[in-house]
Amino acid sequence: EVRLVESGGGLVQPGGSLRLSCGVSGFTVTVNYIHWVRQAPGKGLEWISVVYSGGSTSYADSVKGRFTISGDASKNTVNLQMNSLTTDDTAVYYCARDGGLYGSGKGALDIWGQGTMVTVSS
Amino acid sequence: DIQMTQSPSSLSASVGDRVTITCRASQTIYKYLNWYQHKPGTAPKLLIYSASLLHYWVPSRFSGSGSGTDFTLTINSLQSEDFATYYCQQSYSTPNTFGQGTKLEIK
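Going line by line, the protein sequences match chains A and B. The first sequence lines up with residues 1 to 122 when you count with our numbering. The second sequence lines up with residues 1001 to 1107 when you count with our numbering.
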């Protein structure tokens, strides 16, 4: 079964760090593109990052320089290291598979995890 | 960055109605336009990709059209399970920006 499961969310103080993981089953992360998307309370979806097969990455301006996405072939996971967190980073964080390799079009997110909540508060 | 503008931001309709949601890109994105359905407490679901192609689970009452900068999602004969928030997303270039969403509510 193809599945993505996020973990690592929780409560963190402003200025702190957190590492989210996206555990993947049913396919290999290193030959796929995996995206992170978040939704702040009462707000819409915000695309934040992608890691491509081969390891290249891209980020939204709102997280560039603070967040780092990486793939771990040994664990078949994708990690999102989040530093210098602010209250604006409070959101549900989703990882999602890019469906481009599966006929769903480049950048279309065809499989999503259930999300993990990150709360930044003192 | 490419800005995506959806309208309306909210919409009230009844079961059986036909509704249309529009999405405009700030520059051409060809057909790199995706639509998602999102219900509270669940993960978003891919609805339409490449502007007009239905994902495998999507019933034929849904349709998408457009290219370049202007796109449309149409739902014919609304069913109770269609009440949700819908988002467009461009995948032409990163950041793969989303529209602000359209909340479809029962009248």
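No lab work stands behind these hints: they were computed from the structure. Please note that a few of the clues may not be correct.
What the hints assert, rightly or not - Here's a subset of chain B near chain A, in silico, CB distances under 7 Å, partners left out:
| # | residue |
| --- | --- |
| 1 | Gln-1003 |
| 2 | Asn-1034 |
| 3 | Leu-1054 |
| 4 | Trp-1057 |
| 5 | Gly-1066 |
| 6 | Ser-1091 |
All C-beta atoms, glycine included, are put in the ideal place defined by N, C-alpha and C.
Results for each hint:
1. Gln-1003: 13 Å, violated
2. Asn-1034: Since the shortest Cβ distance to chain A is 5 Å, the answer is holds.
3. Leu-1054: Violated: closest Cβ of chain A sits about 11 Å from Leu-1054/B, beyond 7 Å.
4. Trp-1057: The hint is violated - Trp-1057/B has no Cβ within 7 Å of chain A, the shortest such distance being about 10 Å.
5. Gly-1066: With Cβ-Cβ at 14 Å, over 7 Å, it is violated.
6. Ser-1091: With a minimum Cβ separation of about 2 Å from chain A (threshold 7 Å), the hint on Ser-1091/B holds.
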